[in-house]
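So the sequences go chain by chain: A and B. So the first sequence is numbered by our numbering: it starts at 196 and just counts up by one. So the second sequence is numbered by our numbering: it starts at 136 and just counts up by one.
Just so you know, these hints were derived from the structure itself, not from any lab. One or more of the hints may lead you astray.
20 Å max Cα-Cα, derived PhoX-like pairs, lysine-lysine [unchecked claim]:
(1) A:K571 <-> B:K184
(2) A:K694 <-> A:K683
(3) B:K176 <-> B:K147
(4) B:K176 <-> A:K459
(5) A:K264 <-> B:K159
(6) A:K456 <-> B:K147
(7) A:K386 <-> A:K414
(8) B:K154 <-> A:K666
(9) A:K660 <-> A:K602
(10) B:K176 <-> A:K454
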Amino acid sequence: MIEVSLVGNANTGKTTLYNTLTSSHEHVGNWHGVTVEEKSCVYKYKKDEINIVDLPGIYSLCPLSFEEKVATDFIFLHRNRIVVNICDASNLQRNLYLTLSLFELGCPVILVVNQIDKKKICNIDYDGLEKQLNVPIVYVNASEKDCKDKISEAIVNLNTKINEGFKPKYNIPYLKDILFVCNQKLNKYDKNIHDKSQNNENLIDFYKIKLLEDDDDIKEKLAIKSDFDCIEIVAQKRYEYIEQLMCKYSTKRERVYGKSKLDKILLNRFLALPIFLLILFGCFYLTFFSIGVWLSDGLDFLLEKFISLPLLNLLIDKFGEGSAIVGLVDTALISGVGSIITFLPQVALLFFFLSSLEDSGYLSRVAFVFEDILGKVGLSGKSIYTLLMGFGCSTTAVLTARNMEDKNSKIKIGLLTPYMSCSAKFPVYAVIGGAFFGAGNIFVIVGLYLLGVVVAVLLSYIFEKTILISKEQSFILEFPPYRMMSIKRTCSVLWLNVKLFIQRVGSLILAMNIIIWVLSNFSITFNYVTTDGESMLKTFGKIFAPIFAPLGFGNWGVVSALIAGIVAKEVVLSSIAMFNHVDATSSIQASILLSTSAVYFTSKSAVLSFLVFCLLYLPCISTFSVLLKEIGWKWTLFGVIIEFVVAYVLSFIIYTIGRCVEYFGLWQTLTPILIFAIFILSIFYITNKIKKKRTCPFRDKCSKKCKIKR
Amino acid sequence: MISLSMARFNYKYKIIELKDLTFKVKRRLYELGFLPCHIIKVLRTSLLKRSYLVEIGGYTLTIRRDIAENIYVSDKL
Numbered sequence: 196m197i198e199v200s201l202v203g204n205a206n207t208g209k210t211t212l213y214n215t216l217t218s219s220h221e222h223v224g225n226w227h228g229v230t231v232e233e234k235s236c237v238y239k240y241k242k243d244e245i246n247i248v249d250l251p252g253i254y255s256l257c258p259l260s261f262e263e264k265v266a267t268d269f270i271f272l273h274r275n276r277i278v279v280n281i282c283d284a285s286n287l288q289r290n291l292y293l294t295l296s297l298f299e300l301g302c303p304v305i306l307v308v309n310q311i312d313k314k315k316i317c318n319i320d321y322d323g324l325e326k327q328l329n330v331p332i333v334y335v336n337a338s339e340k341d342c343k344d345k346i347s348e349a350i351v352n353l354n355t356k357i358n359e360g361f362k363p364k365y366n367i368p369y370l371k372d373i374l375f376v377c378n379q380k381l382n383k384y385d386k387n388i389h390d391k392s393q394n395n396e397n398l399i400d401f402y403k404i405k406l407l408e409d410d411d412d413i414k415e416k417l418a419i420k421s422d423f424d425c426i427e428i429v430a431q432k433r434y435e436y437i438e439q440l441m442c443k444y445s446t447k448r449e450r451v452y453g454k455s456k457l458d459k460i461l462l463n464r465f466l467a468l469p470i471f472l473l474i475l476f477g478c479f480y481l482t483f484f485s486i487g488v489w490l491s492d493g494l495d496f497l498l499e500k501f502i503s504l505p506l507l508n509l510l511i512d513k514f515g516e517g518s519a520i521v522g523l524v525d526t527a528l529i530s531g532v533g534s535i536i537t538f539l540p541q542v543a544l545l546f547f548f549l550s551s552l553e554d555s556g557y558l559s560r561v562a563f564v565f566e567d568i569l570g571k572v573g574l575s576g577k578s579i580y581t582l583l584m585g586f587g588c589s590t591t592a593v594l595t596a597r598n599m600e601d602k603n604s605k606i607k608i609g610l611l612t613p614y615m616s617c618s619a620k621f622p623v624y625a626v627i628g629g630a631f632f633g634a635g636n637i638f639v640i641v642g643l644y645l646l647g648v649v650v651a652v653l654l655s656y657i658f659e660k661t662i663l664i665s666k667e668q669s670f671i672l673e674f675p676p677y678r679m680m681s682i683k684r685t686c687s688v689l690w691l692n693v694k695l696f697i698q699r700v701g702s703l704i705l706a707m708n709i710i711i712w713v714l715s716n717f718s719i720t721f722n723y724v725t726t727d728g729e730s731m732l733k734t735f736g737k738i739f740a741p742i743f744a745p746l747g748f749g750n751w752g753v754v755s756a757l758i759a760g761i762v763a764k765e766v767v768l769s770s771i772a773m774f775n776h777v778d779a780t781s782s783i784q785a786s787i788l789l790s791t792s793a794v795y796f797t798s799k800s801a802v803l804s805f806l807v808f809c810l811l812y813l814p815c816i817s818t819f820s821v822l823l824k825e826i827g828w829k830w831t832l833f834g835v836i837i838e839f840v841v842a843y844v845l846s847f848i849i850y851t852i853g854r855c856v857e858y859f860g861l862w863q864t865l866t867p868i869l870i871f872a873i874f875i876l877s878i879f880y881i882t883n884k885i886k887k888k889r890t891c892p893f894r895d896k897c898s899k900k901c902k903i904k905r
Numbered sequence: 136m137i138s139l140s141m142a143r144f145n146y147k148y149k150i151i152e153l154k155d156l157t158f159k160v161k162r163r164l165y166e167l168g169f170l171p172c173h174i175i176k177v178l179r180t181s182l183l184k185r186s187y188l189v190e191i192g193g194y195t196l197t198i199r200r201d202i203a204e205n206i207y208v209s210d211k212l
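So that you can see chain A by itself, here it is in the shape it has in the complex (with noise of 0.2 Å):
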């Protein structure tokens, strides 16, 4: 088998020819840092089989952030492995000085130049460039079909070469100056670096120039503890060849990689902002109150005509109305994953707009308008790609806490991102919210997707001020330049958000359903119960139910579905239809409004709690296993009581503050809370003043026995 690395700078398109070669759906955006871990595929090419390993984007082999320490620790221990090095034509220049390190690192390299961009900002003579540097160049649009044969065949050719006996020799004229200035400066380490690099003369040199970088990698294995502040001459020397290069084999550059004249507008920095919200409540709207919920209502009239009545009606001519299997499919797959399925539409209209927001290159953008608030609060503008994928899914998004440059952060963001009202939550605040505030549930929904992220950012900011002290983070962050999304890539995110969705329906919410379907239809003696039978999810729901009674849902069922609900949120919904009893003919909403009901409110304070709870209360199961790998289980397990206690705190607030409502009328109640706020922040604010005051304003010239905080 031939084993070959997928290597290049940050979005040049790795994961998108990864995808072409393998034939695989990995997810692929127009930003830095889609990819965050490394990817293997085994494909066949004419009698030969490759094992391409996709890595996340570097521009050096020298790791700032998490991603980029999995990719070039990757790069460095299968270093005999051939590196297929994808270099954006755009911007060829800054990608080939990655392309000098992998050189000076001795690796078997293929250069692989992707023409993404139909409007070339320069030409390229290929074969000048190739003879020059002595490496098989390549020049392929990675998403075309026919790049698979162009690459594969280079790759084969080189794995020949390999296997008679060839070692890369490749054309690196500043080498000697850089090793003059090596032997000069690391004469005593000498011995050390010989003995660690088993005398093999490309690691030598490799080691020798990674010291000159103050690469603290390589000081560590090679027990070095001396600052050598050579960085500069190392990329001087690098940038010298790369200019080089491009004068003799590169036409003047047309444009500037990145730039648009639309940032004039979407980065007005008045308008950014405003722009930015806008954009984002009409993707909203568009999901959740228009287009998403006429196909929705669609897809329930059909799945009702054509699948679940006569299923059922056939089950009930077959085994009689009583029967168990009748309750079986009727509450567990009817009621309990049709109240689910219906949402389809609008899960995979989301992601769509998710995605298009990604493929754009508008990500980019936000995070530098961002960067403003998020920074105030201790995390990086980078931040808000992790939160905005929250929206979709938890799971996914906290996995790209690995753009983050220092461990706090990545630790801060993980925690933070439950917090986000993912896709699978929106049913729960639909159907729900929908029963009892009919048009107006519109605001409790964006009221709950506000206060998520409100709650996220006061968090981050108690964080930051207390345990989790993050470092300053660079925010050096490369701009793509603005594509649309092409009709294949739509329906391809489509036709893969609808399979995700399904899969996930038919397996775990199947089996979940199936299970609580059991406990709540069995008693612990395992006879089958009736409607009012103590069932083994009732006598457990009653022990935990106190707990919730501060809260206004201390009955049995709510309590039931919200532990339910910790498997996958959707399960919160078809539990209580499962509770309830909702048939093919009833619905959700009717039923959580009758006190009869194992699961009701008795009002609308209830309901809001019982929603901010949902939204709050504790991470799903795949989420929480992402987080115990990425985080530790000390910080996953702080993050779990942190985030049940604030949802808990908060249902509370607001159930007492409705029940005042309810009870006293509304201004009788926010009169006396305003006056409560304003207090508060009047102490806030005179102490700040007083501690400013306090404050030597000639700190740095002042006398050290000035007594005056400096």
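We have chain A already, so just place chain B on it with the hints.
Same frame as chain A, now just chain B:
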């Protein structure tokens, strides 16, 4: 010699040196082409001037104000 944070928008400046930055950040900046004599242009800042959008080596990227403050450039070209 002025700091990049003092530079005027859309004017070309020549980088002179990077000062008082951590090794990691300095290295990343060098890797991205923030080398002496290279031409740089500030395109815009965010509302609170916490981040800067710059053009260097034929592409655009963002940097934070504290980094921009430590990049010294010549008077505008």
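For the pair we were handed, A:K694 and A:K683, check the Cα-Cα distance against 20 Å. holds, 16 Å
Distance restraint between B:K176 and A:K454, which requires alpha-carbon spacing of 20 Å or less: Roughly 12 Å between the alpha carbons, so the hint for B:K176 and A:K454 holds.
Assess, step by step, whether the Cα of A:K660 is no farther than 20 Å from the Cα of A:K602, and give holds or violated. holds, 16 Å
For the pair supplied as a hint, A:K571 and B:K184, confirm whether the alpha-carbon distance does not exceed 20 Å. With Cα atoms ~12 Å apart, A:K571 and B:K184 stay inside 20 Å; holds.
Does B:K147 sit within 20 Å of A:K456, going by the straight-line distance between their CA atoms? holds, 18 Å
What's the verdict on B:K154 and A:K666, does the C-alpha distance respect the 20 Å limit or exceed it? Within the cut-off at roughly 18 Å; holds.
Holds or violated: are the alpha carbons of B:K176 and B:K147 at most 20 Å from each other? With Cα atoms ~5 Å apart, B:K176 and B:K147 stay inside 20 Å; holds.
What's the verdict on A:K264 and B:K159, does the C-alpha distance respect the 20 Å limit or exceed it? Holds, at about 13 Å.
Does the structure keep A:K386 and A:K414 at a Cα separation of 20 Å or less? holds, 14 Å
Distance restraint between B:K176 and A:K459, which requires alpha-carbon spacing of 20 Å or less: Measuring from Cα to Cα gives roughly 16 Å; hence the hint holds.
In summary, the structure agrees with every hint in the numbered list given earlier.
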